[in-house]
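Student: So the chains spell out like this:
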Amino acid sequence: MAASALAWALRAARQVLPSPCPRQVRSYYVDWRMLRDVKRRKLAYEYADERLRINAIRKNTILPKELQEVADKEIADLPRDSCPVRIRNRCVLTSRPRGVKRRWRLSRIVFRHFADHAQMSGIQRAMW
Amino acid sequence: STSSVLSTEKDKSTASKDGTTEVASKSQERTAGTPKQKLLDIIGNMKVEVSYRNKLRQLKTREVKKEATNKLEGLDREGTMLQKATEGVHRGKPLNPELVEAASAVASSLPLNKKQMESELLAQLRRHEETTDKQKKGGTINIRNVISEMAVKRQSPAQRGVRISNRISLELDEDGQRIKPGRLSPQSFDSRRYFYCVPFQSLKVGRRLNIFTKASTETENALKTVSAPTIWDLEFAKEVAAVTAQPPRNGFEEMIQWTKEGILWEFPIDNEAGMEDDAEFHEHIFLEKHLEDFPKQGPIRHFMELVICGLSKNPYLTVKQKIEHIEWFQKYFEEKKEFLQEI
Chain A
1 MAASALAWAL RAARQVLPSP CPRQVRSYYV DWRMLRDVKR RKLAYEYADE RLRINAIRKN
61 TILPKELQEV ADKEIADLPR DSCPVRIRNR CVLTSRPRGV KRRWRLSRIV FRHFADHAQM
121 SGIQRAMW
Chain B
1 STSSVLSTEK DKSTASKDGT TEVASKSQER TAGTPKQKLL DIIGNMKVEV SYRNKLRQLK
61 TREVKKEATN KLEGLDREGT MLQKATEGVH RGKPLNPELV EAASAVASSL PLNKKQMESE
121 LLAQLRRHEE TTDKQKKGGT INIRNVISEM AVKRQSPAQR GVRISNRISL ELDEDGQRIK
181 PGRLSPQSFD SRRYFYCVPF QSLKVGRRLN IFTKASTETE NALKTVSAPT IWDLEFAKEV
241 AAVTAQPPRN GFEEMIQWTK EGILWEFPID NEAGMEDDAE FHEHIFLEKH LEDFPKQGPI
301 RHFMELVICG LSKNPYLTVK QKIEHIEWFQ KYFEEKKEFL QEI
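Each protein sequence line maps, in turn, to chains A and B.
Under UniProt numbering, the letters of the first sequence match residues 1 to 128, in that order.
Under UniProt numbering, the letters of the second sequence match residues 1 to 343, in that order.
One chain only, chain A, in its complex shape (with noise of 0.2 Å):
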């Protein structure tokens, strides 16, 4: 009882709200830590060619200092989830944010897992 109660409070807070943000999210991630991290990883990526630019501006020893002041305060007017320091590499399907090996997206444990049932292709157990 409590738990699908639980359930269901989870359920309709995952559907954000209409009247601020644009879309609605329905798709089923681990947990929530997880649908920020895509979040973040979203706006990083639209942002991206604007950060870019705007740091070409300030890291620089050319341009008068005022023009580089100028730059700093528009970076930091930009949506904080749009820099790409805040993207944590989590596990795919855990959603654990440490012990996570970047070339299949896994955590250790996940990760052994599969590589004991076979099912990591060129993965076998180390001896020498």
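Since the hints were made in silico from the structure, they are not lab data.
Please note that the accuracy of each hint is not assured.
To be verified - Restraint-style ranges between C-beta atoms, simulated for each label pair:
no.: 1; chain 1: A; residue 1: Tyr-29; chain 2: B; residue 2: Thr-230; range: 48 to 56 Å
no.: 2; chain 1: B; residue 1: Met-255; chain 2: A; residue 2: Val-85; range: 39 to 47 Å
no.: 3; chain 1: A; residue 1: Thr-61; chain 2: B; residue 2: Lys-289; range: 23 to 31 Å
no.: 4; chain 1: B; residue 1: Phe-236; chain 2: A; residue 2: Ser-27; range: 25 to 33 Å
no.: 5; chain 1: B; residue 1: Pro-315; chain 2: A; residue 2: Gln-124; range: 32 to 40 Å
no.: 6; chain 1: B; residue 1: Ile-285; chain 2: A; residue 2: Asp-77; range: 54 to 62 Å
no.: 7; chain 1: B; residue 1: Glu-327; chain 2: A; residue 2: Arg-41; range: 21 to 29 Å
no.: 8; chain 1: B; residue 1: Lys-289; chain 2: A; residue 2: Leu-93; range: 49 to 57 Å
no.: 9; chain 1: A; residue 1: Ser-27; chain 2: B; residue 2: Pro-315; range: 51 to 59 Å
no.: 10; chain 1: B; residue 1: Pro-268; chain 2: A; residue 2: Ser-27; range: 21 to 29 Å
Said to hold, decoys possible - So the derived list for chain A, only partly shown, Cβ under 10 Å to chain B, looks like this:
no.: 11; residue: Arg-53
no.: 12; residue: Ile-54
no.: 13; residue: Asn-55
no.: 14; residue: Leu-63
no.: 15; residue: Leu-67
no.: 16; residue: Ala-71
no.: 17; residue: Asp-72
no.: 18; residue: Ile-75
no.: 19; residue: Ala-76
no.: 20; residue: Asp-77
Virtual Cβ for every residue (Gly too), placed ideally from N, Cα, C.
Please build the complex by placing chain B on the supplied structure of chain A, with the hints as guidance.
Tutor: Same frame as chain A, but now just chain B:
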């Protein structure tokens, strides 16, 4: 002496032959007076046992008769018009006079009632000529009437649906293969049935059966122009594609499917697959032409030249993206112009 005997014999034989030929020619001359006589001779010969000699004589006489008729009728008309003339004679007069005379001669030769025989023979001849004329004209009139009277066999819609469904069976075997009915049997049966119903001539000949009302073509055109692919059409198309798309039977078909979807690359590997950059190398490298709007002196120009240097070394961006990059800077510096002038 022997040679002389032989020669005399030869002379005698030749003389005798000459005599016979003379006699024969004389007889022929006597008989070649009118075609009537020839006909009578033929009929007379026909009465007696027809031997080979008589047959030959008949052939000769027929040839002679033809020549004689040619001569007779060639006086008035040309020789090529002979057949047409004879046809005209047939149409103009009911019967050929020669045939009439032949019939009379036959009747006279037979021992029975002559006049009755003659009339019967003439009637037979007339009927024969009528049939020949009809056949010459193309006597399909009777067949036409017969077919128009025939009723067209109508299929019930249930039967038709059953037949169509029999052709396309969507049943699946255990293996997932579609059960295909024997292709030849239903189609050949239907073709045979249709073959008997449809007449040989065109479909517009004959009496109208008034089964269908002629639909106006304007409404059809209007329907076609309005929203060509409807949602139902799309759904139907999707359904058909889903049904026809069978699972791959072997690894090769699986690989083909993956290549179509884009999962598998096309071999031999094309390094420029997916790259649609049609620009030449000089458009990537020589970007100074885009710097015309910038001031030619000062730190901004210096900065922009560095930017261009970096872009020319960048192989990952397209020419469009590079131009956009430069334009963004241009816009940014134009917005900050007032601020820059204060400095």
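Student: Each hint should be assessed against the structure and marked as holding or not.
Tutor: Consistency of the hints with the structure:
no. : hint                              : verdict
1   : A:Tyr-29 / B:Thr-230: 48 to 56 Å  : violated (37 Å)
2   : B:Met-255 / A:Val-85: 39 to 47 Å  : holds (42 Å)
3   : A:Thr-61 / B:Lys-289: 23 to 31 Å  : holds (27 Å)
4   : B:Phe-236 / A:Ser-27: 25 to 33 Å  : holds (30 Å)
5   : B:Pro-315 / A:Gln-124: 32 to 40 Å : holds (37 Å)
6   : B:Ile-285 / A:Asp-77: 54 to 62 Å  : violated (35 Å)
7   : B:Glu-327 / A:Arg-41: 21 to 29 Å  : holds (27 Å)
8   : B:Lys-289 / A:Leu-93: 49 to 57 Å  : holds (51 Å)
9   : A:Ser-27 / B:Pro-315: 51 to 59 Å  : violated (35 Å)
10  : B:Pro-268 / A:Ser-27: 21 to 29 Å  : violated (38 Å)
11  : Arg-53                            : holds (6 Å)
12  : Ile-54                            : holds (8 Å)
13  : Asn-55                            : violated (13 Å)
14  : Leu-63                            : holds (5 Å)
15  : Leu-67                            : holds (6 Å)
16  : Ala-71                            : holds (9 Å)
17  : Asp-72                            : violated (13 Å)
18  : Ile-75                            : violated (12 Å)
19  : Ala-76                            : violated (16 Å)
20  : Asp-77                            : violated (14 Å)
Hints 1, 6, 9, 10, 13, 17, 18, 19 and 20 from the earlier list are contradicted by this structure; the remaining hints agree with it.
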